[in-house]
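Engineer: Could you use the hints to bring the two separately framed chains together as a complex?
Listed in order, the protein sequences are those of chains A and B.
My numbering puts the first sequence at residues 1 to 486.
My numbering puts the second sequence at residues 1 to 213.
Since the hints were derived computationally from the structure, they do not count as laboratory data.
Certain hints may be false.
Partial list, computed: chain A residues near chain B (C-beta under 10 Å) [what the hints assert, rightly or not]:
#1 R91
#2 I128
#3 P232
So, partial list: chain B residues that the calculated Cβ filter (under 10 Å) puts toward chain A [stated by the list, open to error]:
#4 M139
#5 M155
#6 L208
Calculated from the model, a selection of chain A residues having no Cβ within reach of chain B, i.e. all distances over 12 Å [stated by the list, open to error]:
#7 V131
#8 G145
#9 K150
#10 G355
Predicted model only: the values in this text are computed from it and were never measured.
Ideal Cβ positions, reconstructed from N, Cα and C, are used throughout, including at glycine.
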Amino acid sequence: MSILFILLVPAILTAAPLLVRQNRSLGYLSAAGYFVVLALSIRLILRFLARGAAVSLFNFIYLDALSLFFVFVIALVTFAVALYSVDFVAREAAGGAISEKKARLYYSLFNSFALAMLLVVVVNNLGIMWVAIELTTLVSAFLVGFYNSKDSLEAAWKYIIICSVGIILALLGTILFAYALLFQAGVKSLNWTELIAAAGTLVGNLLKVAFIFILVGYGTKAGLAPMHPWLPDAHSPAISPISALLSGVLLKTALYAILRYSMIVNQCLGPAYTGRLLLLFGLISLAVSAGFILVQKDLKRLLAYSSIEHVGIIAIGFGLGGPLGTYGALFHILNHAAAKSLMFFGAGNIVKKYGTHNIHIIKGVLRVLPLTGAMLLVGIFALTGLPPFSIFFSELMVLAAAFLKGSYLVAGLMLLFLSIIFGAILHHFSQMLFGKKPADQPAESEPLTGKAAFIFLLFFICGLGWLMPGPLNQLLLSASTLLRGR
Amino acid sequence: MSIELLILISILASAYAMVSAKRMSALIGSFRLQSLLLFLLTFMEAVKGHYWGLYAVSFLILGIKVVGIPHFLFRMLREIKVNENLGFLINPQLSLVASLIFTYCAWLFAGQVFPAADTVFRAFATIAFSVLLTGMFIMIFRLKALAQIIGLLVMENGIFLLAAATSGGMPFIVEMAIFLDVFVSVIILGLFVYRINELFTGIDVDQLNRLRG
Numbered sequence: 001m002s003i004l005f006i007l008l009v010p011a012i013l014t015a016a017p018l019l020v021r022q023n024r025s026l027g028y029l030s031a032a033g034y035f036v037v038l039a040l041s042i043r044l045i046l047r048f049l050a051r052g053a054a055v056s057l058f059n060f061i062y063l064d065a066l067s068l069f070f071v072f073v074i075a076l077v078t079f080a081v082a083l084y085s086v087d088f089v090a091r092e093a094a095g096g097a098i099s100e101k102k103a104r105l106y107y108s109l110f111n112s113f114a115l116a117m118l119l120v121v122v123v124n125n126l127g128i129m130w131v132a133i134e135l136t137t138l139v140s141a142f143l144v145g146f147y148n149s150k151d152s153l154e155a156a157w158k159y160i161i162i163c164s165v166g167i168i169l170a171l172l173g174t175i176l177f178a179y180a181l182l183f184q185a186g187v188k189s190l191n192w193t194e195l196i197a198a199a200g201t202l203v204g205n206l207l208k209v210a211f212i213f214i215l216v217g218y219g220t221k222a223g224l225a226p227m228h229p230w231l232p233d234a235h236s237p238a239i240s241p242i243s244a245l246l247s248g249v250l251l252k253t254a255l256y257a258i259l260r261y262s263m264i265v266n267q268c269l270g271p272a273y274t275g276r277l278l279l280l281f282g283l284i285s286l287a288v289s290a291g292f293i294l295v296q297k298d299l300k301r302l303l304a305y306s307s308i309e310h311v312g313i314i315a316i317g318f319g320l321g322g323p324l325g326t327y328g329a330l331f332h333i334l335n336h337a338a339a340k341s342l343m344f345f346g347a348g349n350i351v352k353k354y355g356t357h358n359i360h361i362i363k364g365v366l367r368v369l370p371l372t373g374a375m376l377l378v379g380i381f382a383l384t385g386l387p388p389f390s391i392f393f394s395e396l397m398v399l400a401a402a403f404l405k406g407s408y409l410v411a412g413l414m415l416l417f418l419s420i421i422f423g424a425i426l427h428h429f430s431q432m433l434f435g436k437k438p439a440d441q442p443a444e445s446e447p448l449t450g451k452a453a454f455i456f457l458l459f460f461i462c463g464l465g466w467l468m469p470g471p472l473n474q475l476l477l478s479a480s481t482l483l484r485g486r
Numbered sequence: 001m002s003i004e005l006l007i008l009i010s011i012l013a014s015a016y017a018m019v020s021a022k023r024m025s026a027l028i029g030s031f032r033l034q035s036l037l038l039f040l041l042t043f044m045e046a047v048k049g050h051y052w053g054l055y056a057v058s059f060l061i062l063g064i065k066v067v068g069i070p071h072f073l074f075r076m077l078r079e080i081k082v083n084e085n086l087g088f089l090i091n092p093q094l095s096l097v098a099s100l101i102f103t104y105c106a107w108l109f110a111g112q113v114f115p116a117a118d119t120v121f122r123a124f125a126t127i128a129f130s131v132l133l134t135g136m137f138i139m140i141f142r143l144k145a146l147a148q149i150i151g152l153l154v155m156e157n158g159i160f161l162l163a164a165a166t167s168g169g170m171p172f173i174v175e176m177a178i179f180l181d182v183f184v185s186v187i188i189l190g191l192f193v194y195r196i197n198e199l200f201t202g203i204d205v206d207q208l209n210r211l212r213g
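Isolated chain B (complex conformation) (with noise of 0.2 Å):
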């Protein structure tokens, strides 16, 4: 258990670390290394439990959440030569400060909605909520649309994470089927920042604002 409980705990770390970047890649990288410790706490439960369709959703996280889409993005990234800068609407150390608030607030909201739940469980549903929270943060908070994809992303493994600690995980046909729609909206996703910065010369969502009333 205690091993399971530094990979949570550095997962919570690495949203930190999303919220409070500076730097484009940074924060893919940030995602790169939550997807991993996904990964990891995803096959331990597969060892313990020995369930072949826990091993396949893992290694489907390995493929598209570690490799495929933070390759994808970086190249992106490349190819459309997106300024580092990630455009804030709300510093780094003031969004630190806003996420340590969530992650407070899911502890009480994890107290009210399982009440009665061990404390390991309550962590582990906390840490979900915060993720998600954060994710959400990134998408408001942050002006580049590649950060919106990967607020998404984001928001994305903290479900995860709450579907493992609640019921072992979804039906394994959900989730292949959840895996498959992640991994094509980003890749719309991807198409539609593409062709954003064609027709805006540049990524700030902020140009996004003809249509109104």
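With the rest of the complex left out, here is chain A (with noise of 0.2 Å):
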């Protein structure tokens, strides 16, 4: 029953913008609402990890140990981003940027937002799935369009017409695994559970088509390159908490899609295939996130190039495939998520202080935003994969994962474009960091749900390079053994 708790809290928020007229107010409930979120979903792992695997609400839900990792994830950082809302807009609306109105309006698409990746991640039927995605689209283009300026509206088509695109033709792919089940196995579904009942039976040309078409269409979504170009235009003019949001959850329930038909795949034809394509992918990724990165002039763009990145990353990681590797990518979607959020919260006091989002105008954060700017200091270190914290660890596993499987190549190309990464990174980020404080900024402290959404998010990042909780550990490895299939 957790599970319907977790669904009714964002669909009930999603309707308290009609009740409540204040926006702070609304922002507190929203938080609150994903603290009790973020409980359930704890609560609903530590049952899964007592006993096991369950559908339910008429075969509507299935949780295993893949879902309910992204369950987490999407809890923590929505919970995150709720919390950094409630002063963040309050304080746009009470500037002027926004009206009170679009404020009400803010928390009703977030949370129709978070709902609509929650339903992503949870649900058995993979054409309900395929509708929760293209939803999560939908409402999240309303709010990358939010200030309704030029740059964002034409972010906004992009990222819908490019989207949309793209999901066409996941949606083939899902039509061509759906007729290699009636055709090969009998069987007339699109449930999970019964497809991959039947994948062992499944043979041919046919899937490897069909995934090629699922791994493109919502690869799309996930920002691998050469589909990314929607991420940087869609990641910089969103409302900054979006943004997090966006980078942080979005991407990885688009890859949880390619993840659920790599799975089928790999029964029948298996890891070769999917691990290639996914390497490929991958590797293209990293390349042309670095490249970008290092001649970037906008801070939210930087920050989206990196996304790319470390969903390559990620891809790299369940293309190696092997123990180390899923694991090492498995828990960099959590520790990248948590890192990424805080970057954009970081960003998004940045930008709203100094009213622009370009590099080499922005110096001197250090004593202009001091916690914002600790804060970055802390996380870029984070980001490009430094000890000792967590997103170092996942780095490693999937490093090691390479060399062990004796890919000296990946490891070798990896190796080279996150030196790059690092170092342009750190270059970028000290000019702003360091640098003289301009004399026409007073500095500020930051608001304090604000430093409390990033207390919360240091917290992950830096306690997970130390400490695995156990009852964590044992869903990543029992979500990393449902990934290899056995």
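Structural biologist: Rendered as structure tokens:
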């Protein structure tokens, strides 16, 4: 029943702006709601570890290690975003950047966005999953175009058009899977549980072609290069808490869809086929992001390209496979979600204070916004993969998996691109963080909920580097066993 | 079977008509025609199979794609006084040649993907794939935002044809959900077109070039 509450909370919160007029109370209400969702997701994980995977609600919902892990990641980031939104949105409304009515609209859209993402990872039916992913696009397009400026409108249009084309290709893939199942196994259904049960009997080119459509289609949404062009455009003009949500979890829900299908294909063709494709797209993503990060001038676009990089690393991890690669990739999903949200919160504060996205104009953040500056400093060390932060360990696992497998070329390329990105990000941020404090910018302290969101995420970024909680470890282990199909 | 084949070929012809259309209203009109043919095809399947789900789906096509969406698009055309010219990156004649090539490629591709299929099925799949490709072509090589919406809908028509060919349609609940989704996305895209028209004074998407790098 917990899962029903997890879905009900955002559903009720979506309607809340009709009753509650104050945007600040709406913010606190959402934060409380997602705290409950987070607690429930942990409860579900503990119950899963005791009892195993289960279908519920007339076969509509299926929860196994993989879906519960994603529920946890989504709950974690949405809670942080809800917390950060309270003061961010209140100040935007007070400052006149958005109207009071729009502030209420924000909470409606934000909550329905969260609902759609949660739905993606818990439904059993792959057709409904497709619908939920398309819903995430439709809802978040409004959030991307929220400020109604020329830039944000252009970004929203490109986002919705490119992702719609991608999603239509994914639908094509879904239909081909359904066809393969109907004619080769005689099952007319799109339920994942039935697909995976019949997967052993499937054969042939059809599945390979279908998987390519799935990978390209959902890969567009996941931000894999070369289907990525919407991503930096959409992240830059979006309202900052939403950039965090887009980068932190939206990309991962699309990856989740790809993983579901790769499990089916792996059942009948072995892991080599999907692995090679994921590796290829992962390496292209790393290469493309390294180039664009090097020459970037826009703070939020920089972070968006860094998301492409990390999605690339995750794809490489899954592509390499094996216990270490899969575990590392899953762990990286969580770590990147926490670190990138923190970075976007920081970027949001900076952009609000300085009134520009331009890296060359922003200087002396550590003096102007001391806490934000300090958090960003920690954040970039985490993001670029320095120890002792959690991302270091997940990247190390993926790299070690490459060496263990004897893929020295992959490992070498990965190290090359990672070191380029490391240098570039450090260069850009050292200018922004240190540098001379501009005379016309008085030092300012962050609002309370903004601080709370920072501390909450910092706890995960640092904590998971030192100490892996037992249940989380078990969950990751069983998810990675599931993904490897044994 | 022969009537079905006739309808299928007409669907392909309507796709060619869209690719070579010179005016916006012609494009929307051809789309409506294509949807009508799709409705007839599904309705005949439903009559043949006595399957209530297919009846529902066919009437959804009639309601949404033949009446609702074209009406909405025509209204938008009137309200924002769009220039009827579509804005070509590739002229209509060349586009037609391209889509003929698409059809041939689709024929080869269908043979690869469904090696065991009979000719009728292969023709079905070919037409579905080429409708999909022409939809994509319209999205990429026409400059008006409205044309991109139509391209998306045409792609969706192609997918629907393929679904009808391969499995007699998907599970009913999924089909319904997809329809709802398409409808909502067209409405949302429409809203964005209005906003683009206000801010950019016109709906040529080549104006959308501010975000780079």
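Engineer: Indicate, hint by hint, whether the structure satisfies it.
Structural biologist: Hints, verified against the model:
1. R91: violated, 25 Å
2. I128: holds, 6 Å
3. P232: holds, 8 Å
4. M139: holds, 7 Å
5. M155: holds, 5 Å
6. L208: Holds: closest Cβ of chain A sits about 4 Å from B:L208, inside 10 Å.
7. V131: It is violated; A:V131 is separated from chain B by about 4 Å at its closest Cβ, not greater than 12 Å.
8. G145: A:G145 not clear of chain B: closest Cβ-Cβ about 7 Å, inside 12 Å.
9. K150: It is violated; A:K150 is separated from chain B by about 5 Å at its closest Cβ, not greater than 12 Å.
10. G355: holds, 18 Å
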